[in-house]
Amino acid sequence: MVPLSYYLVLSGILFACGILGFLIKRNIITIFMSIELMLNGVNLSFVAFAAHWQHLSGQIFVFFVMVVAAAEAAVGLAIIIAVYRTRETLNVDQVNLLKL
Amino acid sequence: MNMDLHLALFLIFGAVCVAGAINLLVQRHPINSALSLITVMASLAVEYLLLGAEFVAAVQVIIYAGAIMVLFVFVIMLLNAGEEARTGGSRIALVIGVPGMIVGSTIVAWVLLKRSGTGDVAIGSLPGDPKTIGWLLFHDFLLPFEVTSVLILIAIMGAVVLASRPELSSHPEKER
Numbered sequence: 001m002v003p004l005s006y007y008l009v010l011s012g013i014l015f016a017c018g019i020l021g022f023l024i025k026r027n028i029i030t031i032f033m034s035i036e037l038m039l040n041g042v043n044l045s046f047v048a049f050a051a052h053w054q055h056l057s058g059q060i061f062v063f064f065v066m067v068v069a070a071a072e073a074a075v076g077l078a079i080i081i082a083v084y085r086t087r088e089t090l091n092v093d094q095v096n097l098l099k100l
Numbered sequence: 101m102n103m104d105l106h107l108a109l110f111l112i113f114g115a116v117c118v119a120g121a122i123n124l125l126v127q128r129h130p131i132n133s134a135l136s137l138i139t140v141m142a143s144l145a146v147e148y149l150l151l152g153a154e155f156v157a158a159v160q161v162i163i164y165a166g167a168i169m170v171l172f173v174f175v176i177m178l179l180n181a182g183e184e185a186r187t188g189g190s191r192i193a194l195v196i197g198v199p200g201m202i203v204g205s206t207i208v209a210w211v212l213l214k215r216s217g218t219g220d221v222a223i224g225s226l227p228g229d230p231k232t233i234g235w236l237l238f239h240d241f242l243l244p245f246e247v248t249s250v251l252i253l254i255a256i257m258g259a260v261v262l263a264s265r266p267e268l269s270s271h272p273e274k275e276r
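Which chain is which? The protein sequence lines are A and B, in order. The first sequence begins at 1 in my numbering and counts up one residue at a time. The second sequence begins at 101 in my numbering and counts up one residue at a time.
Hint data in this document are derived by calculation from the structure and do not stem from the laboratory. Be aware that a few hints might be false.
Stated by the list, open to error - Using C-beta positions, here's what the derived DEER-type ranges look like:
1. B:E183 / A:V68: 47 to 57 angstroms
2. A:V65 / B:V118: 12 to 22 angstroms
3. A:V65 / B:P227: 14 to 24 angstroms
4. B:V203 / A:W53: 23 to 33 angstroms
From the three backbone atoms N, C-alpha and C, an ideal C-beta is built for every residue, glycine too.
Just chain B, same shape as in the assembly:
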């Protein structure tokens, strides 16, 4: 009963995930692509929950589906992005890329399903609760954690410099 439920949930949300990813490729308007990417991320959060990674699932919803995608949607609306145009380069990429990726992913899937000797994963087999994750993050991974904080700081400064208007950033004293 339990294992059937696990498999059923995995298949349902995996199908939603793949459908969202394919919809991202098919849609021409970027706002539709962004909304299907949110679907992919939300169903991936359920897959993380099935694997027991509670904290990662929560962070996935809050940061990825929340913060990052809001940033994307905001930029799409700010720039008033319309439907994309088909060009010669994109047609060549479509003709060569789609069969190539289908063949490549079929080979990878066949090798993984038939030839790999990996075992099964039980539902919630590795509970990643916030307490354990936080202890690891501030204990064993303290240096990488601090380095990422520096990275975020640099990214904030870079984003502010890049997105500010050029006439304001290059000659700030002209305004006075």
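Bound conformation, chain A alone:
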């Protein structure tokens, strides 16, 4: 028996690492991976609460979060490719104009 709070603490640590990566990273791809890390932390707490309340809706929602993450990854990486094509850089500090 593992207490539910252990799972929640692990999920919180992963989410905190995601926020930290979002703040300190300057490569746009790594910032994107930090978002995925945050989504994974949320997914863990969904599954843990599903087991705690004995209700499968939490696991279904993990499925939906994954679908949204896949859609977000596809569109986001396409945007990254478009940005790289026009600016030749992946550093977010140099991408500060909406238009060239």
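Since the structure of chain A is already known, use the hints to place chain B on it.
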């Protein structure tokens, strides 16, 4: 015996998970960050298995660690992304962000461990096998399921439009 095994597996894979997440932050090269994110996702799949969510664990490995991360690695290699440069903004974020996040997550962990009255979770306590999940997905959650299929369709079209070369997408008849 059984509960000790559960706790040991949780701690081992939780430690791997946190180590991978921290390694993602420490590494400068994006390909190393991507590989440590794959480690995080694989060990999270084991945590899902411990909670009994078999289908979610399989989907985590196949879609997240498989499809999405392959997309990331592919884009990193396509753009030939090198090591990231440190700038003034990132140093400020490092100085303020790291202590802030450590303090914040310590407070959250303390509240969750000491002050929450939540109970224990047994190993595999809620079996989420594909049959049950599929029945729920196509029965109780049919409308959200269909909406996500529309979302995926829009995402595919958006990705194709964004990633296609501008001279081809804006003037297709010029080529002829």
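- request: Would you list, in rising numerical order, the hints stated earlier that this structure does not obey?
  value: Going through the list in order, the structure violates hint 1 alone and respects the others.
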